[in-house]
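Going down the list, the protein sequences come from chains A and B. Residues in the first sequence are numbered from 1 upward in steps of one, following the numbering used here. Residues in the second sequence are numbered from 260 upward in steps of one, following the numbering used here.
Source of the hints: derived by calculation from the structure; they are not laboratory data. Among the clues, some could well be false.
Pairs of lysine to any residue residues, derived as SDA-like cross-links and limited to a Cα-Cα distance of at most 25 Å, are as follows [to be verified]:
hint : chain 1 : residue 1 : chain 2 : residue 2
1    : A       : K64       : B       : R393
2    : A       : K145      : B       : I324
3    : A       : K80       : B       : Q390
4    : A       : K143      : B       : F388
5    : A       : K122      : A       : Q98
6    : A       : K122      : B       : R393
7    : A       : K80       : B       : R393
8    : A       : K121      : A       : G78
9    : A       : K170      : A       : R214
10   : A       : K170      : B       : G376
11   : A       : K121      : B       : Y448
12   : A       : K122      : B       : G389
13   : A       : K170      : B       : M445
14   : A       : K170      : A       : E126
15   : A       : K122      : B       : Y334
16   : A       : K145      : B       : I373
17   : A       : K122      : B       : N459
Listed next, the stretches of chain A that the computed footprint assigns to chain B, with coverage defined by at least 3 CB atoms under 8 Å from CB atoms of chain B [said to hold, decoys possible]:
hint : segment
18   : 69-82
19   : 112-122
Note that the structure is predicted; figures quoted are calculated from it, not measured. C-beta: ideal position from N, C-alpha, C; glycine also.
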Amino acid sequence: MSATPLLQIARLTKSFGSNQVLKSVDLDVTAGEVVTVIGPSGGGKTTLLRCVNFLEAYDGGSIKIDGREVGYVDNAGGRKRGEVDLAAMRAETGMVFQSFNLFPHLTAEQNVMLGLQRVRKKPLKEAQEIARHWLDRVGLAHKTKSLPYELSGGQQQRVGIARAVAMDPKILLLDEITSALDPELVNEVLDVVRKLATDGMTMLIVTHEIAFARDASHRIIFMTDGSVSAHGKPDELMAQVASNERLRNFLSRFSAATH
Amino acid sequence: MAQLIDAIVYAIPYLMSGLGMTLLVSLIVVVLSLVAGVVLGVGLIYGPLSLRWLIRLLTDSIRGIPILVLIFAVYYGLPPLGLNLSSFWAAVLALTLFKTAQVIEYTRGAVSSIPRGQMEAAKSIGLIFGQRLRYVIFPQATRRFLPPWVNGVTDAVKGSALVSLLGVVDLMQAINQVIGRTYEPMPLYLLGAVMYFAINYSLSSLSRVLERRYAYIKE
Ligand SMILES: Nc1ncnc2c1ncn2[C@@H]1O[C@H](COP(=O)(O)OP(=O)(O)O)[C@@H](O)[C@H]1O
Ligand SMILES: [Mg+2]
């Protein structure tokens, strides 16, 4: 029995001016699946995630979440959804940013509570309970009242994750969430993501942490120059190294840089 | 000396009512320009291209005209267009236009200093536009908006003296009228200066308190 994928991306295209950044990308993510996107920088990975959250309007093809077209009423390039509808769809997709983007004027707890109160319309008490629950889950029960500048990068990113998952999204999008961190802080953040994966959170992850991608994801997508160049289960993908030169180059350059 | 005190005692009631007018004009100008300036400033950043051009045109024109000319342009220019304003409202309108152009700039400066990622994070948790401004952008922008704006308020109080040119009896005009009757210019101008200073000193003290209150965001 094959369930309809939660996220269906088909023939997705996106250009910035004359620069076509996404060239017909196809990608499905089923509920409970963890899919990782790897590839050289400039390949369109960030743009892909941003399109799924409609932070970027795409030009052609389709992105569907639970069968509903993201951002557009009918199809790409057509009429855009209204502000309220768009916001409601975005609330279904959590996003964690490379640069954290915490709200600097709000405490850790308030960062998590904002969407719960204003979007999910939870009363203060309940919003606070949910926020504390998630901050506890990411190991920050003792930092609920801290402002972002009082936290380390790793702690800030864990608040960023708590803020996204507390909204109970259908899918979580993570864009190189450890790239801005000092090396010794990377693992505390990846551990949180591993835990979410174990709990069955559906995730689409862009990362340069190849080891993490191999052991934490169900499938890996290798993206170059705006299209999917290889994909499969981690071991299937690794088996393509011999036949796919770009993948081989990417992985070898990668291991040369990290070892 | 006694003569001087007599002159001041005689003048006080007139100056007080003039002061009342100065405060009233300043208050109306400050409130209207704050509302209009913030709305148009937000339009200048987030509005569609045509709206942005329109607002740019408005602010550039207003800023290119000396305020004196603006006041007379509104006073003498609107009646032929079929809009008859009293000298009070003509003066208030001209000062408000002038101030609004400034508030638009302060708003643009303050809001565009907030990193893009803030708006994106706010979008990604599902806040709608008004909520993103209210809960995410404005609280952060306020800190940058306040210092120039409060300075601008003291400018508005000082600038309101220009309404006397249209015969509105504000503090400045009251001083001139009393001098016309008593022929004691120096003590009266001094007294007037003290009154303007008292208002503006309180305002700038208030601004320092506000700045400290909003200094909680560390970069
Ligand atoms: N807002 C933008 N405006 C113009 N070009 C952009 C914008 N965002 C990304 N690009 C371009 O799109 C290409 C893909 O970028 P990106 O999606 O960030 O790739 P990746 O995340 O794989 O490094 C790059 O050439 C980049 O310069
Ligand atoms: Mg990227």
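ask   = Residue count check for the segment 112-122 of chain A against chain B: does it reach three with CB-CB under 8 Å?
value = Since three or more residues must qualify, the claim that chain B covers the segment 112-122 of chain A holds, with 4 doing so at under 8 Å.
ask   = Are the Cα atoms of K122 (chain A) and R393 (chain B) separated by 25 Å or less?
value = 18 Å, holds
inquiry  = Hint check: K145 (chain A) vs I324 (chain B), CA-CA at most 25 Å. Holds or violated?
reply    = Given that 25 Å is the threshold and the Cα spacing comes to 50 Å, the pair is violated.
key: Restraint status (C-alpha distance of K122 (chain A) to Q98 (chain A) at most 25 Å)   = It is violated: about 28 Å lies between the C-alpha atoms, which goes past 25 Å.
ask   = Straight-line Cα separation of K170 (chain A) and R214 (chain A) no greater than 25 Å?
value = This hinted pair holds, its Cα atoms lying about 23 Å apart.
ask   = Between K145 (chain A) and I373 (chain B), does the CA-CA distance stay at or below 25 Å?
value = 23 Å, holds
inquiry  = Holds or violated: K80 (chain A) and Q390 (chain B), Cα atoms, limit 25 Å.
reply    = 20 Å, holds
query = Does M445 (chain B) lie within 25 Å of K170 (chain A) when you go C-alpha to C-alpha?
reply = 76 Å, violated
Hint consistency between K122 (chain A) and G389 (chain B) [alpha-carbon to alpha-carbon, up to 25 Å] = The hint holds at about 19 Å.
ask   = Under the criterion that the straight-line Cα-Cα distance not exceed 25 Å, is the pair K143 (chain A), F388 (chain B) satisfied?
value = Given that 25 Å is the threshold and the Cα spacing comes to 29 Å, the pair is violated.
query = Given the hinted pair K170 (chain A) and G376 (chain B), is their alpha-carbon gap at most 25 Å?
reply = Holds. K170 (chain A) to G376 (chain B) sits at ~22 Å (cutoff 25 Å).
K121 (chain A) paired with G78 (chain A) [C-alpha distance capped at 25 Å] = 31 Å, violated
Of the hints listed earlier, those the structure fails to meet are numbers 1, 2, 4, 5, 8, 11, 13, 15, 17, 18, in rising order.
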